[in-house]
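Novice: What follows is each chain in one-letter form.
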Amino acid sequence: MEGNLAFLFAALAIVWLVIIGYLVMLGSRVGALQRELDTLKQRDAWTDDEADPAH
Amino acid sequence: MQPISLPDHPAKPVTGFHLDPKTLFLLGAATISMLAALYAALLYAPTERVQGAVQRIFYFHVPLAWTSYLAFFVVMVAGIGYLWKGTPFWDALGRASAEVGLLLTTMMLLTGSLWARPIWGTWWSWDARLTTTLLLWFIYVGYLMLRSSVDDERKAARYAAVIGIVGALDIPIIHQSVVWWRSLHPESVVLASGGPAMPQSMQLALLISLVAFTILYAVLVTLRLRIERLRQDIRLLRRRALERMA
Amino acid sequence: MPHAQGRTPFLVTVRALVWRDLLAEYRSREVLGGGTVFALLTLVVFNFAIDLRLENAAEVAPGILWIGFAFAGMLSFGRSFANERERGTLDGLLLAPIDRGAIYLARAITNTILMGVVELVSLPVFVALYNVRAAWGELLLTTALGTIGFTGAGTLVAAIAANTRAREIMLPLLLLPLTVPVLIASVKATAEALGARAAEPLPWLQLLAGFDVIVVAASFLVFEYILDE
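So the protein sequences, as listed, match chains A, B and C.
Just so you know, the first sequence maps onto residues 53 to 107 in my numbering.
Just so you know, the second sequence maps onto residues 170 to 415 in my numbering.
Just so you know, the third sequence maps onto residues 814 to 1042 in my numbering.
The set of hints was computed from the structure by calculation and includes no laboratory data.
Any given hint might turn out to be false.
Chain A regions said to be covered by chain B (calculated; three or more residues, Cβ under 8 Å) [to be verified]: (1) 57-66; (2) 71-78; (3) 82-94.
A quick note: this is a predicted structure, and the numbers were derived from the prediction, not measured.
No residue lacks a Cβ here, since even glycine has one placed at the ideal position from N, Cα and C.
Make the full structure from the sequences, and use the hints.
Specialist: If you want it as structure tokens, here you go:
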């Protein structure tokens, strides 16, 4: 029965590693996209000032 | 051109990601509840007499199963929502829930396998629950591959919605047909915790775990949805910039 | 096709479409020829893959038969939609004031008929090659019902897969999990038709019929969402 602990450990490891790994991946993706969006918005605002004032 | 409504956020410079309060709250709740579930599963719950410590996988395996099916139910709802309303939100919800669901289903199958091996002696059993979940896994994969293999966005969304709805409705039928198929092969000892009368402490541990995984599911989908939303906004801005140049 | 003031009667439309598709197939004979050869080939090749003894033949052989039918079927559904796209005839069809459901039904019927021909040729070969004893009435009925179910879903999924990049992969990938109930019931019912005695016999033929109703109804209802507006 003690040998079975390896299975318990493996199951736990998989579950937690996958969850944390996915969370980290999502988090970094959100961050990267948010940065990209911010950059685009700054550029957008910049060209807004430069271009058509009636916009 | 219609004014684009972009999410309101503080004008922060480049670093860090800004999560809205709701998401942060969910994240906190998920962390706390998952830790509580871990404690409950490993320490609080009593060791099962027959199966020993390995039985504790149960406290992860069952909630993973529950959330896998919940996720696909949401995929179906998202499909109905998209076919009915047509807004990108429903499409994004379907995709997010499918991705998270695939992850959960994979883990459910893996933990099921790791539990089955020491208890039954085999890595796999064609019992109705595992078999149906395996087919659910394939339906998830088909759903996600379908999305990426259609070029037209709106077509992809529509096809995915249809498959999501049809797939979800099919799941109970698949389950039943597998149950009938297996009527010749008596079910091996049902993977439970020691019979119909589960001691209260085990019930509590299971409940905590169920709640924890459900919150986790909600967090993952919310984050994934956020990514879709950001992508959409970026696309809009890019298109607008292109139009201005033209 | 009759040019009516409003919409042409449903069944008339269906019949006309089926006739048109069958004629097109008759001219090319692509699906029939290819499908039949493929089904027969599967039966032969599986003989090497599986160790078949006399005692278990009636239980194991139906599985092989239905794998053969399933793959031959998927080849043929895929081809027929691909042909339509190449010929550009689907667009013309959509412009006409035809009930979307009629398009589905006609396609499904055509596919079923074509599959049926392939199966009619394959069944005697199967019975001979695998040395099983068949209750022919039951066997034919089972095959017909199984085909209706598989084709019913297959028509819907093929229409989706036809518009994807990797359509040869998408069709089986989407269709096979969804049609597991039909396949299970078909195999079991075929086993009964071949004389396999089950410990607890379930009314597989009735179950198969039930699955068919659900599959065809669902596909029929959902089909319009697949087509472009």
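Novice: Taking the hints in turn, state whether each one holds.
Specialist: Against the structure, the hints come out as follows:
1. 57-66: holds (count 7)
2. 71-78: Held - the stretch 71-78 of chain A has 4 residues with a Cβ nearer than 8 Å to chain B, which meets the minimum of three.
3. 82-94: Coverage by chain B holds here, the residue count being 11 at a Cβ distance below 8 Å.
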